[in-house]
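J.: One-letter residues, chain by chain:
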Amino acid sequence: MDKNIILAGVGGQGILSIAFVIDNAALASGFEFKQAEVHGMAQRGGAVQSHLRYADHEIHSDLIPKGAADLVLSVEPLEVMRYWHYLRPDGWIVSSVTPYVNIPDYPEPERVLAQLATFPSCILVDGAQIAKAAGNLRAQNMVAVGAASLRLDFPEELLLTYVAALFERKGPAIVEVNQQAFRLGRIAGRFFRGLVEAGVPVPTAVELGRRLAPETLDPALAADWARVVADPELAAPILQSEEIRACDQVPVGA
Amino acid sequence: MSREILLGDEAVGLGAIHSGLSGVYAYPGTPSTEIFEFVERATKHMGGVHAFWSTNEKVAYEEALGMSWAGKRALVCMKHVGLNVAADAFMNSAVTGTNGGLVLAVADDPGMHSSQNEQDSRYFAQFALIPCLEPRNQQECYDMMFEAFDMSEELSLPVMVRLVTRIAHSRAGVETRAARDPNPLNPSRDIKKWTLLPSNARVQYKHLTEKQPELLRRSEASRFNELVLAGKRGVITCGIADNYYRENLAGGDDSVLAIRQYPVPVESIRRLVEHVEELLVLEDGYPLVETMIRGLFGLAGVRVAGRMTGELPRTGELDPDIVREALGLAPRPTAHAAADDLANRPPALCKGCPHTDSFRALNEALSSFDNPQVFSDIGCYTLAALPPLEAIHSCVAMGASIGMAAGAAHAGYTPAVAAIGDSTFSHGGITPLLSAVQQGVNLNVLVLDNDTVGMTGTQRSMSTGETLDQIILGAGVAREHLRVITPTPRNHDANVAVIREELAYDGPSVIIARRSCLEAIKKA
Ligand code: SF4
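Sequence lines, in order, name chains A and B. Under the working numbering, residue 254 is the last one in the first sequence; the count climbs by one each step, no gaps. Under the working numbering, residue 524 is the last one in the second sequence; the count climbs by one each step, no gaps.
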């Protein structure tokens, strides 16, 4: 078993916090791990990445070779594209779709999404909306790691332990917000995959994930939602409305 | 025994602590900063280890040498270009020799992630005739500190531990061991050894050369230099390059010599060379071993390949893919081609950073000149070279802004303006300012006093606030030409006026733009 993950985002988005959670889970699980990160000049608001590898055998290189990454885990959609050539052919993308626009030539967000949508193996969640629902916009990194936890090799509880350890100094309220962001991110990820596996096109699945109130993204209902959005007449009003409540709308068993 | 998650830098720090460290000395510089920071943090509560930032690398080195003189173990850390600053003390400390163990941890930056060059510190070790260890993983970063300190005391020589960015800033689990007690105070009374008058220095230098066979013997026997003879292709891996080799060809048929202790193990290299038909040398840095083996005229019967022959790029950091190509392996298939037209996200000054306001004012004050050039220095403010500010036009070495502005002024260039941060000023700006004032040079120095070392993560600055004013006045700058402004958007016009007045003055003047770094305020 080995797993190679490229963590990506923008300086200040908390990439190293994601690394902390996974590093510790890997160590606690008895794995070898290496995690290379960026400090100094490269950090100031620029693109930030970290190579994180864990395995049940010795790991040689601190850097992941191109074509060897199992996963690009990004807190920002454009940043996925900076590293997707590291992915092996059957590699996965897990990303927030919330753009971080701090440059004048940021491409059209729809174009970025359309590009990510070409990957069949992806999990795309709305980091900002979910983090807000969890109680703090800054928790988008924990949303991303929550969504990615579906592709990792650790029990949810173990990861949550290290989310708690990470924020312990800041008090129980902040711990709870970040754990909730993680949990909602994980649920949103499963909901998204449920839709895609039931045949919903990726852009529609992203749209639906965005429109639904995060606390109502129920993975168990993904298949039902898939049937709803497959019907253009039912889908149109939903995909155009502002936030809607899943429990009000989904025709269970339809 | 326990297993801790540590950066390579931190593993060096912890290894030093467990080796009985009594003092750590450093000036911040990426990628070495975290060594000092770790030791400072880890020893704060237990005490017993002196940990206080030094004004620059030369001072740090000399303080460490003094600790060694007193019989205790000292660690001095710096980035590669910092060793240029410390070189005087460093080179001569090999001649004096040491008393308590003295280890120099120097972090090189192949690929120049955060540096002005990618010089290879192994040359410095070779130049000074001292041993050098080059860890390939975090565990070795930790373990090698024990070896390095012991070796330093056994040989009475400083020992270099050379890191590169990729190991300095990469984490892994590290097994730790029991800590050794620090040395007792035991000052050296060996006056001739420490007093390098020519007559003593000649004797000492001879001692140093006489130690060389012992250094070589240790390298040949070292567990860090491993030779495996197999197939007819030979590969030499240095330090971290070994990982990139094994990532691609673990368990292959090559004959491999992994080198992680210097001077190079000559006998092992000879055995390898006699066994193989071709030889590839992998080193993350300059082609030191490669050029040594090839010599001026090549090696009869064996082609030596590496950075000088096109198998590897002449410059830049190694990685597993570059090494893969050099080994003649096809690239791995990937899910997607690299996106080539992606919008860049370059680093930028923080929103609201005082430097932005300082440079806006400077730009406007200089707008009446034809294409004015501003000499600058190393810190966050170097980012002002980029759009939108494009306010500075040089960045060479710590403190160079002032010296270069003075030289330009000597040549008749006006306005000669230097922009330098408060910490860089204490590091290397005081002496050139003193020089310029004594010569009455017409130059303007803008000191960006943000009360911290911003770029490397807000470490304590040595000359900020009142201390900075006193130093500048002490250097002889006239009181009326030491101006202090507060760089804010609201003060813009007033600040422009102050700068204009000083630009009009024919003589040395200093303007201090004083406002704290936002990151430092956040952390405080
Ligand atoms: S860290 Fe401080 S000095 Fe550096 S850009 Fe940010 S505010 Fe400015």
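Hints are computed from structural coordinates only; laboratory data are not their basis. This structure is a prediction, so every number in the text was calculated from the model and none was measured. Yeah, the Cβ is synthetic: ideal placement off N, Cα and C, and Gly gets one too. Fair warning: there could be bad hints in the mix.
[What the hints assert, rightly or not] Sample of chain A residues at the chain B side, in silico, Cβ under 7 Å: (1) Asp-23; (2) Glu-37; (3) Asp-62.
[As the list claims (entries may be wrong)] Under the rule of at most 25 Å between Cα atoms (straight-line distance), these lysine-lysine pairs were calculated in the DSS-like manner: (4) A:Lys-132 <-> B:Lys-351; (5) B:Lys-211 <-> B:Lys-193; (6) A:Lys-3 <-> A:Lys-66; (7) A:Lys-170 <-> B:Lys-211; (8) B:Lys-351 <-> B:Lys-44; (9) B:Lys-522 <-> B:Lys-193; (10) B:Lys-193 <-> B:Lys-206; (11) B:Lys-193 <-> B:Lys-351; (12) B:Lys-351 <-> B:Lys-206; (13) B:Lys-522 <-> A:Lys-170; (14) B:Lys-211 <-> B:Lys-192; (15) B:Lys-522 <-> A:Lys-132; (16) A:Lys-170 <-> B:Lys-206; (17) B:Lys-232 <-> B:Lys-211; (18) A:Lys-132 <-> A:Lys-170.
[Unchecked claim] Covered stretches of chain A (in silico footprint by chain B; criterion: 3 or more residues with CB under 8 Å from a CB of chain B, positions within the stretch not fixed): (19) 136 to 150; (20) 188 to 198.
J.: Decide, hint by hint, whether the structure agrees.
T.: Comparing the hints with the structure gives:
{"no.": "1", "hint": "Asp-23", "in the structure": "6 Å, holds"}
{"no.": "2", "hint": "Glu-37", "in the structure": "5 Å, holds"}
{"no.": "3", "hint": "Asp-62", "in the structure": "4 Å, holds"}
{"no.": "4", "hint": "A:Lys-132 <-> B:Lys-351", "in the structure": "23 Å, holds"}
{"no.": "5", "hint": "B:Lys-211 <-> B:Lys-193", "in the structure": "15 Å, holds"}
{"no.": "6", "hint": "A:Lys-3 <-> A:Lys-66", "in the structure": "14 Å, holds"}
{"no.": "7", "hint": "A:Lys-170 <-> B:Lys-211", "in the structure": "55 Å, violated"}
{"no.": "8", "hint": "B:Lys-351 <-> B:Lys-44", "in the structure": "33 Å, violated"}
{"no.": "9", "hint": "B:Lys-522 <-> B:Lys-193", "in the structure": "49 Å, violated"}
{"no.": "10", "hint": "B:Lys-193 <-> B:Lys-206", "in the structure": "12 Å, holds"}
{"no.": "11", "hint": "B:Lys-193 <-> B:Lys-351", "in the structure": "54 Å, violated"}
{"no.": "12", "hint": "B:Lys-351 <-> B:Lys-206", "in the structure": "57 Å, violated"}
{"no.": "13", "hint": "B:Lys-522 <-> A:Lys-170", "in the structure": "15 Å, holds"}
{"no.": "14", "hint": "B:Lys-211 <-> B:Lys-192", "in the structure": "18 Å, holds"}
{"no.": "15", "hint": "B:Lys-522 <-> A:Lys-132", "in the structure": "23 Å, holds"}
{"no.": "16", "hint": "A:Lys-170 <-> B:Lys-206", "in the structure": "59 Å, violated"}
{"no.": "17", "hint": "B:Lys-232 <-> B:Lys-211", "in the structure": "35 Å, violated"}
{"no.": "18", "hint": "A:Lys-132 <-> A:Lys-170", "in the structure": "18 Å, holds"}
{"no.": "19", "hint": "136 to 150", "in the structure": "violated (count 0)"}
{"no.": "20", "hint": "188 to 198", "in the structure": "violated (count 0)"}
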